[in-house]
Amino acid sequence: MSDYIKLDSEKISEGVKTITELGGHGILKCVQCGACSAVCPGVKAGFPVLCRLLIKKVLDGQLEEMIEESSSWGCQACNRCTEVCPQGVRPQEVVFAFRRYQANELAFSTSAITSQMNLHSYGHAVFSDARELRKKVGLAPEAPTSAYNEKAQKEIQTLLENSPMGELGLY
Amino acid sequence: MEKLGLYLGCNIPFKAPDIEQSFRKTFPVLGIEVEDLEGATCCPAWGTAPSFDLDTWCAISSRNIILAEDKNIDLMTGCNSCFGIMSEAKHFIEDDPARKKRVNENLKAIDREFKGTSNIYHISHVLYEKVGPEKIKESLVYSLDGLKAAIQPGCHILWPSDVYHVKEKNSFFPTILKELTQALGAEVPHYSRLEFCCGMGGMRSTDVEKSLKLFTDKLMSMKEEIDPDMIVTTCSSCFLQFDMSQQILKERGMIDFTIPVFYYTQVLALAQGFDPAQVAAISQTPRDAVISEIQSEKRKINKG
Ligand code: SF4
Ligand code: SF4
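So the sequences go chain by chain: A and B.
No gaps in the numbering here: position 13 of the first sequence is 13 in my numbering, and each next residue is one more.
No gaps in the numbering here: position 135 of the second sequence is 135 in my numbering, and each next residue is one more.
Hints are supplied without guarantee of correctness; some may be wrong.
[To be verified] Here are some chain B residues pointing at chain A (derived, C-beta under 10 Å):
#	residue
1	Glu38
2	Trp46
3	Leu54
4	Ile85
5	Gly154
6	Phe172
7	Phe173
8	Ser205
9	Asp207
10	Leu214
11	Gln247
12	Phe257
13	Gln278
14	Ile282
15	Pro286
For the record, the hints were derived by calculation from the structure and aren't laboratory data.
Remember, it's a predicted structure, so these values are computed and weren't measured experimentally.
Where a beta carbon is used, it is the ideal one built from N, C-alpha and C, also for glycine.
Assemble the whole structure, with the sequences as input and the hints as a guide.
Written as structure tokens, this is what we have:
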């Protein structure tokens, strides 16, 4: 029986503090009932460390050990968990706080890079030159969004560059 | 005529502009004037700012809401994710005076200020609450009588219900899209996985096989339980998932059928008699046959 988790009170408070500061305020209210995991599409699809189990691991002081865990990126942000939690934990906020912890340590999948770059350049996470397609359906070729609006692009670049995201070297 | 700001998001203007065209055609017929929010950006999508920094998420979302505030109008979005993300951001800002102050500090750099005077609606809420099924019925040229639709409301207009100001009576048994689709004359039977997730979103970009597994469960539930003529959704992300992923399952030999998929306002526009080459022109899953069926002579409504 060497494979046990040694509870370390310092690591527990450190983990709870990190998650709380990043937006997971309700984490300490969790009673591990599992109602959230029962309705979670992420868990159903096979990403196990969401909702109840993610919270349990943080409460056991395992935050650092989970840094490469990909389950959080499978979260749909659907908030079914938030709706059913009898304790008001708002588990989705905990999952996203955990994601922020990972992202700020640059522990996210490379597939996330393109959308960050697109957001910075065009103001759109998803962007493709759709001018021909738009004309085909009778619309103005250039959508009235930031994609074709330099002032708007400058604005979003300012917001991103002045934020903690600007310090990660993504742009 | 009530005026509303049309927030387009990313999927609709760049991947499915025929959905955008269906908004521009159908709303004026129903007495809603659609005004563009020039320079709007991404909501921002869950995988971007919301995954990095809560205040940055709120600043970017609030900038989009400010575009509507500046025009003194409410905002409506056709994408569930945009609706969820911007509604939650608004809630995070208004719930925490310190955050509101920080966000407004950040917005100063671009000479903007968030006040919180504009509400956020999803297009389905506008159609249901401001227009209403009766008025929709009156606007029709063709009836969908005898056609069967499987509806897909999508997640982000349902939960978390406490931050949305327009909501279902029971978010695990949604009826808004059902009533809107019935207003077209279609039959909308219940199927057991109606409120299930389709697997689009973060799940699809993280692990496409897991996403397809959820999608297959949902699709088979529709097919086996109600065998619909079409799938109708009010989420642009769900639309793309149903449209693209049926093709993948078909190519893999996992299904021997496909079901045409429409965004709600596309079927509405077709039933109002608009040109399919403008309002329902782009899809991977074939839908020409059902489009011709909808706009067939025998379905013309006799207005006496
Ligand atoms: S928000 Fe994420 S963790 Fe919560 S139920 Fe949805 S997929 Fe699961
Ligand atoms: S539903 Fe709430 S209390 Fe129950 S395990 Fe999930 S987060 Fe904890």
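Could you work out which of the previously given hints the structure breaks and list their numbers from low to high?
Failing hints, ascending: 7, 11, 12 and 15.
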